[in-house]
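In case you want the letters, here they are:
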Amino acid sequence: MSSGYKPDILWSPHHADRYVICDTELSLYRIGPAGSSETKAGALPLSEETAATLLAINSDTPYMKCVAWYPKQEPECLLAVGQANGRVVLTSLGQSHNSKCKELVGKELVPKHARQCNTLAWNPGDSNWLAAGLDKHRADFSVLIWDISSKFSPEAVPAEKVRLSGDVDSGLVVTKPLYELGQNDACLSLCWLPRDHQKLLLAGMHRNLAIFDLRNTSQKTFVNTKAIQGVTVDPHFQDRVASFFEGQVAIWDLRKFEKPVFTLTEQPKPLTKVAWCPTRMGLLATLTRDSNIIRLYDMQHTPMPFGDEVEPTIIERSVQPCSESIISSFAWHPSAQNRMVVVSPNRVMNDFTVFERISLAWSSTTALMWACGRHLYECTEDAGQGVAAAEKDIATKMRERAQSHYGHDTVQVWRNHVLAGGDDPQLRSLWYTLHYILHCSYTENVEQKQQSNKQSLIYSGIKNIVKSSSGTTETRRCWSGSDRQTDVPWYHSEERSLALQLCGWISRGPDIDVEPFLKSLEQEGEWERAAAVALFNLDIRRAIQILNKGASAEKGDLNLNVVAMALSGYTDEKNSLWREMCSSLRLQLKKPYLCVMFAFLTSEPGAYDAVLYESRVAVRDRVAFACMFLNDAQLPRYIDKLANEMKEAGNLEGILLTGLTKDGVDLMESYVDQTGDVQTASFCMLKGSPGEVLKDPRVQCWIENYRNLLDAWRFWHKRAEFDIHRSKLDSSSKPLAQVFVSCNFCGKSISYSCSAMPHQGRGFSQYGVSGSPTKSKVTSCPGCRKPLPRCALCLMNMGTPVSSCPGTGKADEKADLTRDKKLAQFNNWFTWCHNCRHGGHAGHMLSWFRDHSECPVSACTCKCMQLDTTGNLVPSDSV
Amino acid sequence: MRRRKRWKLHILEHSLKVASIAKEGIQICTHGLIKLAFLPSKTRCKFFSLTETPEDYTIIVDEDGFKELPESEYLSVAEATWLALNVVSGGGNATSSQPIGVTKIAKSVIAPLADHNISVFMLSTYQTDFILVRERDLPMVMHTLSSEFTLLRVVNGEAVAANSTGVTNGFVKPKLGNYLPRPIIHPLSSPSNMFCVTSLDPDTLPSVATLLMDVMFYSGGAKETGGQSEDSGHIRFFSFSLIEGYISLVMDEQTTRRFPNNVLFTSASGELWKMVRIGGQPLGFDECGIVAQISEPLATADIPAYYISTFKFDHALVPEENIQSVIGALRTNESTGQ
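Quick note, the sequences are listed as chains A and B, same order.
Read in order, the letters of the first sequence are residues 1 to 879 in our numbering.
Read in order, the letters of the second sequence are residues 1 to 338 in our numbering.
Bear in mind the hints are in silico, worked out from the structure with no lab data behind them.
Just so you know, not all the hints are guaranteed correct.
Partial chain A-side listing against chain B, Cβ under 10 angstroms, derived [what the hints assert, rightly or not]:
1. GLN83
2. ALA84
3. HIS113
4. GLN116
5. LYS136
6. ALA139
7. GLN183
8. ALA186
9. ARG215
10. LYS226
Values in this document were obtained by computation on a predicted structure and should not be read as measured data.
The beta carbon of each residue, even a glycine, is placed where N, CA and C say it ideally should be.
Sequences are here, hints too, so could you generate the full structure?
Written as structure tokens, this is what we have:
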């Protein structure tokens with residue numbers, strides 16, 4: 001303010017629509033909506049919505065240096081103006097001279113020695129008190145606190161000494177301040193402390209910030225600093241004070257006043273104004289000289305006070321309220337959020353609202369939430385029934401699948417795709433593949449235990465199986481039911497047969513018997529596929545039969561009969577009309593399997609591209625076909641090509657080719673990249689042959705992410721189930737026991753570990769109470785036989801049922817977890833508070849803390865449950 | 001924070017030169033002087049003072065400002081580099097009717113320095129008092145004053161503690177010279193005109209710049225044609241200083257009337273001052289104890305005073321109502337001294 005007559009701006013403390021611009025004169029404006037009837041023609045537009053109307057001008061007070069608005073409601077519009085000669089004049093704007101104001105308006109508060117008045121502040125409590133900060137004088141005080149209600153006291157200034165001062169006779173001059181503070185230096189800025197209205201924070205006193213208490217002015221707290229300009233208290237945090245020096249703002253905590261808690265990044269130009277936002281926590285606006293931007297510092301998330309080692313988190317940004325014009329000053333609106341009016345040196349004003357930063361958060365479910373200012377918006381996925389499953393977010397799908405135990409069916413592995421919803425062909429293919437792999441490996445295992453080489457081959461996918469193929473025999477088979485030799489070469493080997501098994505066409509053994517497979521297809525109503533498989537096995541009759549069956553079935557397609565008819569006319573005559581027509585018309589068939597049937601029949605031997613590259617046909621069928629009809633040179637090439645395609649596309653059908661190998665992980669990676677489905681990836685890879693793929697860091701990453709996801713959903717039971725499932729399939733993931741309950745007396749673990757102390761376990765059973773085994777418990781230490789602690793609630797000694805002690809039976813089979821015999825019911829578990837060390841049976845404790853917050857032990861006031869951060873969270877998958 | 005409230009003495013960072021410009025040579029320096037006085041943004045000068053006496057113009061200026069002055073036969077510069085000391089109150093003790101200016105520091109600063117044969121050069125302004133000492137005397141100054149003051153050296157605007165190095169200049173500390181009145185050696189005179197110590201808002205400086213220039217550089221010639229001498233009562237005396245942004249003016253009452261209303265800062269009581277001029281012959285810079293001779297009796301009598309040293313003579317300003325008692329007190333000392 002002191003440099004030239006740049007306009008400053010001041011909001012009325014009580015009228016949200018009035019402000020004063022002060023430069024050489026005071027102008028009162030009213031702000032209102034633009035274009036409304038209220039605003040007159042002379043209204044100045046401030047923004048698109050608002051305009052200001054000039055209400056009054058006061059030019060009675062020249063040489064203005066600072067202005068302060070009277071803080072009380074009445075009299076409104078009373079201003080204290082500090083002048084260059086140190087006088088403080090009370091004046092008003094746009095007031096009819098009513099009685100209340102009249103006494104005060106025109107009153108002059110005159111210091112003993114004239115010098116510039118730098119700053120003014122009304123006491124927030126006693127509104128009669130006005131503090132004025134002045135420049136230094138060799139023999140006078142720099143801070144004067146005036147009582148504006150005091151009357152002129154003639155004896156204070158002997159009349160004959162009044163010579164150079166102006167009009168004193170009016171009776172409105174006050175020369176005796178209430179308090180005088182600070183000798184021999186200037187006061188550059190000051191403010192009253194809102195916490196204690198008797199305290200005053202002064203800046204400038206010998207490069208100090210000093211807090212004076214008016215009740216005892218000899219007592220003061222001060223700190224030496226350069227930052228002595230513009231002290232201002234955060235209205236939302238009354239111990240936080242900002243002050244500045246040139247380009248640097250220092251933030252102080254009055255409780256830790258020795259040094260600034262932090263300083264903001266220094267600006268190259270000197271600051272002219274620093275102001276806390278009155279409507280928003282911890283938002284500080286700063287303005288530098290000749291600048292057209294206002295810098296904002298958001299300290300909302302800055303803890304106060306913070307330790308020295310913590311870097312303060314301050315979000316700095318800048319706003320440009322009026323495009324290119326330089327800003328002379330600005331003022332926050334007292335009540336409208338984040339709103340300010342800025343004024344340029346030529347008095348162009350601008351109404352501006354600082355847009356609040358938007359913070360955004362995803363929930364672990366699919367909801368999205370964002371906050372702007374005081375508004376909170378939530379966006380959730382449309383959970384309506386009409387939403388097709390395919391359109392659902394993968395997170396929603398995974399949640400639903402987790403709830404339906406997806407991935408946990410270890411007996412009928414293929415059923416997992418049903419648990420997943422049964423509508424995803426890729427998942428269906430994947431789980432069937434895994435099913436066949438496990439099935440084959442199991443039967444291999446049972447039959448030929450020594451051949452571990454073959455075992456790993458099964459997991460390595462058809463791609464590797466066909467590469468290892470040797471001793472392929474080429475035969476020309478007859479069309480079944482006729483003696484007619486086909487001219488189609490047909491290949492067979494042990495590996496090819498294994499591949500067919502993995503494709504699901506045949507069950508096992510060297511015989512190629514697809515009949516069970518056809519039956520199952522018929523059962524599922526997959527007539528075309530069944531017919532195609534029958535045809536590929538050179539059984540036209542069966543194929544026709546299947547088609548007829550399909551046509552006659554419920555909701556059957558009568559066209560199948562037509563197809564059967566066409567099929568029955570098959571001839572291997574090369575130039576027949578049948579061949580000609582079929583090869584051209586087959587393209588019009590909509591059903592891919594029907595299409596490939598005719599493609600097969602009309603193809604030259606060994607040139608089956610129309611079958612092999614028909615993408616609508618399932619990969620497993622195409623691969624099985626290839627295994628039968630492609631020679632040793634063609635087959636690996638085809639499989640490689642197909643595998644690469646699948647890998648690139650992230651198509652899970654390709655797992656059939658890659659198996660659960662590194663290739664398979666690559667494929668799965670591309671699938672996860674596309675879908676984000678870490679659930680399927682985790683479960684799939686867990687099925688892999690022990691070791692290899694699970695060691696892949698990507699696989700570990702998927703598993704960990706899936707576990708975290710379950711935790712985030714509060715599916716803790718599912719997480720636990722998954723962990724158990726995982727530890728069964730991947731023994732390396734089994735955590736070692738890390739916690740033992742040790743006996744108070746002997747210090748040994750009280751748990752029964754059959755390997756650790758089999759003798760004692762057995763020995764104890766002799767001592768065991770021979771009664772109902774479920775009731776007998778181990779209530780004493782197995783090591784020293786001293787009793788275990790008592791439950792604080794039932795006062796019984798704690799312990800575990802003796803009958804379920806492991807070692808007594810071979811319970812640890814790979815049976816389903818839920819049917820597993822547990823060592824003890826959860827209700828009987830030992831629990832105790834880590835704080836007060838009281839505890840008891842878990843069940844008792846849980847029920848106690850349902851109604852109580854304090855420890856059940858009398859005279860113990862520990863709030864055990866509240867110390868548990870997760871104690872208040874309820875798992876969302878609890879039944 | 002500090003329990004014991006000591007007074008603090010700031011050793012300012014300005015390296016000052018004291019120069020004299022002969023009256024007839026003033027025109028060659030006016031360009032530089034106007035720049036120093038009215039265009040502070042054009043120079044890096046932070047400390048500038050110009051005092052006009054009937055004999056000459058005394059300039060006190062820091063090194064940056066000194067570059068603005070031309071080399072000339074009319075310009076004589078005191079050899080030494082000077083440092084300014086400034087006493088600031090340690091605590092906010094708002095009690096007591098504090099004596100103004102030099103009187104306040106007479107006993108604590110000026111007398112001890114005089115006792116240790118350290119020559120001082122005084123400059124009182126509207127805002128404060130500066131005690132100029134030679135840079136080479138600084139260790140001795142610090143040694144002398146460290147018992148009485150917390151010494152702070154101002155570096156880049158920040159006050160840092162300065163430690164005395166315990167140097168002595170060989171003079172023994174006088175034993176209990178306390179109550180022996182210091183004899184006054186130099187003749188005194190008291191002009192009849194009355195003076196005003198005042199200041200003005202730096203923002204209004206441009207509006208009165210031409211008037212100030214007239215007062216500084218031209219009024220002497222116009223007025224002095226009447227052949228007024230000091231003996232006839234009036235003395236030509238005007239002082240302007242611009243130190244760290246603060247303006248201070250000392251001028252006689254008649255001159256103040258030439259200024260527009262409300263430009264000059266005046267005290268509510270409108271006090272006026274009379275001058276005591278010290279020295280018949282130019283005093284030189286080596287003699288010490290002159291300020292102490294004057295200020296000690298004033299301090300004893302609790303009379304406020306300003307003290308402005310110039311190249312040739314010293315000037316004390318005392319309240320007009322006290323002038324008789326001051327003269328009386330000083331004459332007594334003068335006689336006892338002889």
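### Query
Taking 10 angstroms as the limit, does the beta-carbon of A:ALA186 come near enough to a beta-carbon in chain B?
holds, 8 angstroms
### Query
For the hint on A:LYS226, does the least C-beta distance to chain B fall short of 10 angstroms?
A:LYS226 check passes; min Cβ-Cβ to chain B is 6 angstroms, inside 10 angstroms.
### Cut-off 10 angstroms, beta-carbon criterion: hint that A:HIS113 touches chain B
holds, 5 angstroms
### Query
For the hint on A:ALA84, does the least C-beta distance to chain B fall short of 10 angstroms?
This hint holds: A:ALA84 lies near chain B, its Cβ roughly 4 angstroms from the closest one there, short of 10 angstroms.
### Message
The hint names A:ARG215 as touching chain B; please verify it with the least Cβ-Cβ distance against 10 angstroms.
### Response
Result: violated, 13 angstroms to nearest chain B Cβ.
### Message
Take the shortest C-beta to C-beta distance between A:GLN83 and chain B; is it under 10 angstroms?
### Response
Cβ of A:GLN83 sits 9 angstroms from chain B, so the hint holds.
### Query
Measuring from the C-beta of A:GLN183 to each C-beta in chain B, is the shortest one below 10 angstroms?
Because about 5 angstroms separates A:GLN183 from the closest Cβ in chain B, which is inside the 10 angstroms limit, the hint holds.
### Message
Checking hints one by one. Is A:LYS136 an interface residue toward chain B, by the C-beta closer than 10 angstroms rule?
### Response
holds, 5 angstroms
### Query
Should the hint that A:ALA139 touches chain B count as held when the rule is a Cβ pair under 10 angstroms?
OK, holds: A:ALA139 within 10 angstroms of chain B, min 4 angstroms.
### Message
Using the nearest Cβ pair, does A:GLN116 come within less than 10 angstroms of chain B?
### Response
Given a least distance of 6 angstroms, the restraint on A:GLN116 holds.
Figure legend: structure checked against the earlier numbered hints; the only hint not met is number 9.
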